Amino acid sequence: MLSRGLKMKIAIMGTGHMGGWFVQTLREEHELAIYDTNFEKMERIKGATKLENISDLQSFGPALLLNAVTLGNTIAAFKAALPYLPDSCLIADVASIKSHLSDYYVQIPFRFVSVHPMFGPTFADMESPEQENAVIITESDPQGAEFFRNFFTSLGLRVFGYSFGEHDKMMSYSLTLPFVSSLIFAACADIKAVPGTTFKKHMNIAKSLLAEDNNLLTEILFNSFSLHEVETITARLEFLKHIIKQKDHEEAEEFFDRLRRNINR
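Numbering follows numbering that gives the first Met the number 0, in which position 56 of the sequence shown is assigned residue number 55; successive positions increment by one, without gaps.
Wrong hints could be hidden among the right ones.
[Said to hold, decoys possible] Derived DSSO-like pairs: lysine-lysine, alpha-carbon spacing no greater than 30 Å straight-line:
| no. | residue 1 | residue 2 |
| --- | --- | --- |
| 1 | K191 | K244 |
| 2 | K168 | K206 |
| 3 | K246 | K200 |
| 4 | K246 | K168 |
| 5 | K206 | K246 |
| 6 | K78 | K49 |
[Stated by the list, open to error] Ranges of calculated distance between the beta carbons of each label pair, as one might list FRET restraints:
| no. | residue 1 | residue 2 | range |
| --- | --- | --- | --- |
| 7 | A188 | G60 | 50 to 56 Å |
| 8 | E27 | N263 | 21 to 27 Å |
| 9 | N37 | G195 | 39 to 45 Å |
| 10 | T137 | Q106 | 17 to 23 Å |
| 11 | T231 | P194 | 27 to 33 Å |
| 12 | D256 | T233 | 37 to 43 Å |
| 13 | K6 | T231 | 45 to 51 Å |
| 14 | N37 | T197 | 35 to 41 Å |
In case anyone wonders, no lab produced these hints; they're calculated from the structure. Since we're looking at a predicted model, the values are computed, not measured. All residues carry an ideal CB built from backbone N, CA and C; glycine is no exception.
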């Protein structure tokens, strides 16, 4: 039975920022094993048994397999690992886009739990994630969902429940909107300009975002709900262009007031 209060065997695939964070936060209470195709990256991780081959999962016998590989490789990693797992093993993903996983999970005999810690290396303090948010997919196995709910809340995170579809729709707003804004800023930025405080803050955000893996950025932008958000942005920009062209002070003041109300609701 999965319980954060009982020591159990947990295998983690992927030792990037998120995989490393899970090792750091779980190693005190559980027996961990890690696997990554990048052996140099895996060697830097402390507090877990390092598996040389994916087949070594069979001898380790995890109660939980946590898949923290890059988004585009999530299903491929599961397919490689599943033949070596005990039938009772619960599998988990931390993918930021879920639509492709919902179809995959119904095809396999393993129980699953799908979660999304909504903080990461770009902006959040991984050492102190208090008051950050995490999502647990409502279609998840109840026992697995309870384990992660207890785990997240013990760290001070706020936990939300969404279905697969609700999650990706919400991600198109909470990720695509700021991502696109930062990408457009980066496309227009002139590094030779004398930067003001606001410019420098936006530049730091854009640089941090573009330090992320290209596959992650692409998958987020290619979320089936993303285009609607981009169209909303362009519509608002067209309206702003209209105000600027007309030099309509009254309309501009009404526009600013609407924006203030919108972000202070």
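- Task: List, from low to high, the hint numbers that the structure doesn't satisfy.
- Result: Hints 4, 5, 8, 12 contradicted; others consistent.
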